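K.L.:
Spelled out from the first residue to the last, the chains are:
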Amino acid sequence: MEEFIQQLINGISLGSIYALIALGYTMVYGIVKLINFAHGDIYMVGAYLGFFAIAILGWPFLPSLLMAMAVCAVLGVVIEKLAYKPLRNAPRIAALITAIGVSLFLEYSMMLLVKPEVRSFPQVLSDVQYNLFGSLVISSRQVIILVVTIALMLLLQYIVHKTMIGKAMRAVSHDKQAAQLMGISVDNTISFTFAIGSSLAAAAGVLVGIYYNAINPLMGIMPGLKAFVAAVLGGIGIIPGAMAGGFLLGIVEAMVSGYGKSLYRDPVAFIILIIILIVKPAGLFGKNVREKV
Amino acid sequence: MFQRKIGKQIAILAVLIIFWASVQAMVGLGIINPYYELNLILIGINIILAVSLNLINGFNGQFSLGHAGFMAVGAYGAAIITLKTQLPFGLALLFGALLAGIFGILVGLPTLRLRGDYLAIATLGFGEIIRGVIVNIDYIGGAYGLSGIPKLTNWTLVFWLTVLTVIVIANFVNSTHGRATISIRENEIAAEAMGINTTKYKVMAFSIGSLFAGLAGGLHAHYFYTIQPGTFNFLKSFDILVMVVLGGQGSITGSIIAAVGLTILSAALQKLAALRLVIYALLLVIVMLFRPQGLMGTKEFSLKMFRRKTKDKEGKQHGTAIGQ
Amino acid sequence: MALLSVSDLSISFGGLRAVSNLNLELNKNDLAGLIGPNGAGKTTAFNMLTGVYLPTEGDIKLDGKSLLGLKPYQINHCGVARTFQNIRLFGDLSVIDNLKIAYHSHAKYGVWGAICRLPGFYSGEKEMYEKSMELLKIFKLEHKWEELANNLPYGEQRRLEIARAMATQPRLLLLDEPAAGMNPQETHELMEMIHWIRDQFDLTILLIEHDMSLVMGVCEKIYVLDYGQIIAQGTPEEIKNNRRVIEAYLGEEAS
Chain P
1 MEEFIQQLIN GISLGSIYAL IALGYTMVYG IVKLINFAHG DIYMVGAYLG
51 FFAIAILGWP FLPSLLMAMA VCAVLGVVIE KLAYKPLRNA PRIAALITAI
101 GVSLFLEYSM MLLVKPEVRS FPQVLSDVQY NLFGSLVISS RQVIILVVTI
151 ALMLLLQYIV HKTMIGKAMR AVSHDKQAAQ LMGISVDNTI SFTFAIGSSL
201 AAAAGVLVGI YYNAINPLMG IMPGLKAFVA AVLGGIGIIP GAMAGGFLLG
251 IVEAMVSGYG KSLYRDPVAF IILIIILIVK PAGLFGKNVR EKV
Chain V
1 MFQRKIGKQI AILAVLIIFW ASVQAMVGLG IINPYYELNL ILIGINIILA
51 VSLNLINGFN GQFSLGHAGF MAVGAYGAAI ITLKTQLPFG LALLFGALLA
101 GIFGILVGLP TLRLRGDYLA IATLGFGEII RGVIVNIDYI GGAYGLSGIP
151 KLTNWTLVFW LTVLTVIVIA NFVNSTHGRA TISIRENEIA AEAMGINTTK
201 YKVMAFSIGS LFAGLAGGLH AHYFYTIQPG TFNFLKSFDI LVMVVLGGQG
251 SITGSIIAAV GLTILSAALQ KLAALRLVIY ALLLVIVMLF RPQGLMGTKE
301 FSLKMFRRKT KDKEGKQHGT AIGQ
Chain G
1 MALLSVSDLS ISFGGLRAVS NLNLELNKND LAGLIGPNGA GKTTAFNMLT
51 GVYLPTEGDI KLDGKSLLGL KPYQINHCGV ARTFQNIRLF GDLSVIDNLK
101 IAYHSHAKYG VWGAICRLPG FYSGEKEMYE KSMELLKIFK LEHKWEELAN
151 NLPYGEQRRL EIARAMATQP RLLLLDEPAA GMNPQETHEL MEMIHWIRDQ
201 FDLTILLIEH DMSLVMGVCE KIYVLDYGQI IAQGTPEEIK NNRRVIEAYL
251 GEEAS
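Heads up: the sequence lines are chains P, V and G, in that order. At the far end of the first sequence sits residue 293, using UniProt numbering, and the numbering has no gaps. At the far end of the second sequence sits residue 324, using UniProt numbering, and the numbering has no gaps. At the far end of the third sequence sits residue 255, using UniProt numbering, and the numbering has no gaps.
Looking at chain P on its own, in the form it has when it is part of the complex (with noise of 0.2 Å):
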């Protein structure tokens, strides 16, 4: 039992990454209907932007993650303008591929940059480890990755329910036409909702990167997949779902590396893409829609 909720609290910390990345993913898709292979790297981005500020510039951690964020969502807005725009009305599948390229160019871009190597973050957070009930052990940085994510999760509930752009979201994610002829400018919307996607995503990154101590260029493909499974199993395009979804990916994966075999982590969270997506495609709060003949 103790255990189990060792294991509980890892993957809710795992979650959390997976969550805060899905919301990019979910977003972007609800609203362009894109699957935005390049969030990943976003979320690379972030954690690289996060080490320049605290281990280069010497800053303490919240305005790093601050500038990390801001820095990411104008890197979005702009993948954004030149990458997918011009593609809004192509067939989908070159969007797809050109997310793909833009990816790979991110990655081994940052490659060149930086050197391939891994990096160690440095100690911004002194580390703390408590002790609950005995056995149990969280750490001031787990508490720290979940305290983080649930407030930007709050502040984008609060941004999709109460703000006029918010709205402006959801109303361009439903009927594009629709949105446009109510005056609302949906490049605009579209915008907006790369830069707050973008933004989480790099969140997560420094996250992690006060996590796991350690980032390298390529750390962002692994996440960005998983993240994308976490959103299709919350159900793509909505956002309770990509929250939801997130932290059950963390927590199956903390039980599978807990109690099975950690290599199994990995096919683990892709088996369940592949059972959702067969039985449930519209994904767990989703509801099914055909095509209309």
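These aren't lab readings, by the way, just hints derived from the structure by calculation. Hints are supplied without guarantee of correctness; some may be wrong.
As the list claims (entries may be wrong) - Distance windows between CB atoms, simulated:
id : chain 1 : residue 1 : chain 2 : residue 2 : range
1  : G       : VAL111    : V       : THR156    : 23 to 33 Å
2  : V       : LEU109    : P       : VAL143    : 45 to 55 Å
3  : V       : TYR225    : G       : LEU54     : 53 to 63 Å
4  : V       : PHE290    : G       : LEU54     : 20 to 30 Å
Here the structure is a predicted model, which means the values were calculated and not measured. Ideal Cβ positions, reconstructed from N, Cα and C, are used throughout, including at glycine.
Start from chain P and add chains V and G according to the hints.
P.N.:
Below, chains V and G alone, put in the same frame as chain P:
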């Protein structure tokens, strides 16, 4: 129109034999050094991979991102036969290819009911699952892979198997079964209403494509001595995809041209390491932005193309209607 | 015995009962029309007849054999072919390839024959080409056989869709708004053609149409659907004078 054109076929065969023999002679005389020979073999393997993926992505219109997974199945299948049994190499290759084809059916049956991006992500997932399972089987070397595979792949074998792959896939595509396959890309609902068993043809195209990916994997394994699960990752699937997209989804000759061009480009950029992939990525994005249909679109390269063009020009000059 | 008999066919989407208790009887060689206001459930009925949707209740029998639960391609193999309201051609393929694909179920050679180019391949291809050209002649499209389907003008695309359905060699042909978007001249020609193919190919035809002149001119038997239910059936004369039909189309006050 509906007879075997024996003359044309003999001519093509003659050209192929002359090409093969002259390369073979140059290898023998040392004019083609081992480095060039390596690249010729890579070109052949890449053509097999690109043309077979094109059957799935281009002709059938299904979007697979897991081709490297089937290549892995073929590579491991063939390598196990040569390493653990005394059977001849030909049987090992055949076993690897058939195993990959069977995997294609097993993966295709559940996933091919998905569409578009969902299918892409599901095949990507399956590619990763195949790799993840290989990593966890100690009998086949786990994460370290298999090594000491005898070098049995040579230029002659690669050349003729590439020719065989292209002929089989071209003949399939240019038949009623190929048209049924293509009709699914064009409009799946209409295809089914016109009596096409869409599931059957999707799975068939997927497993034929996988079978040849497995063949390429077997050839690969027996040229490079060692195989590791990491060799057949998502990036490898992506490499193959770039060839198909660049050449034109739905054009066999396009895939061949792209496979040749990109293999040479990749060899030339080898020293640049990371920059090679940056250039690759930019190339891909630029092609998508400015020529999403790729080099050839769905057309095939043929000498007739030039004839048709000159005719068109004459027609326009005389102001007559053309195209009947 | 009726060729097609539909009994108490119903379907619900969520809470909405899109078609309820639909009953149809078509005898061999009938040329019948299914009309009704927008959203009455006409296309939904076609989709059930062709296996795209699975009805929640009721039965569909073709020549006494139930089509229920069969997939669309199996229903096509039983002898039911259709066209679509929003044209669904194989747009990037040539006109003749569109027909050859529809002939596929009657192809005379297998996958091995194709890959190995056995003699059966050549004779099979020749036969498909000739049969397709014959059909194209009937539908006056033979001079365009090499063109891409997408490049045909609208009226010809509609004709090609009917030709393609005919290539599957059906006993029952379902036409979903065949005259949509056609001008009066084209509609008139289409009427004649529908009559002609019915006689020539010994067909039974059921069509959905908004163009009343076409329906009244060509159909011998008309079913009127409103809110998912049949409200009237009979000859064009009877339908023209039916109070409920007029109400459905014009609203109650107008009657």
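K.L.:
Determine for every hint whether it applies to the structure shown.
P.N.:
Against the structure, the hints come out as follows:
1. VAL111(G) <-> THR156(V): 23 to 33 Å: holds (28 Å)
2. LEU109(V) <-> VAL143(P): 45 to 55 Å: holds (46 Å)
3. TYR225(V) <-> LEU54(G): 53 to 63 Å: Distance hint for TYR225(V), LEU54(G) holds at roughly 55 Å.
4. PHE290(V) <-> LEU54(G): 20 to 30 Å: violated (45 Å)
Checked against the numbered hints given earlier, the structure breaks only hint 4 and satisfies all the rest.
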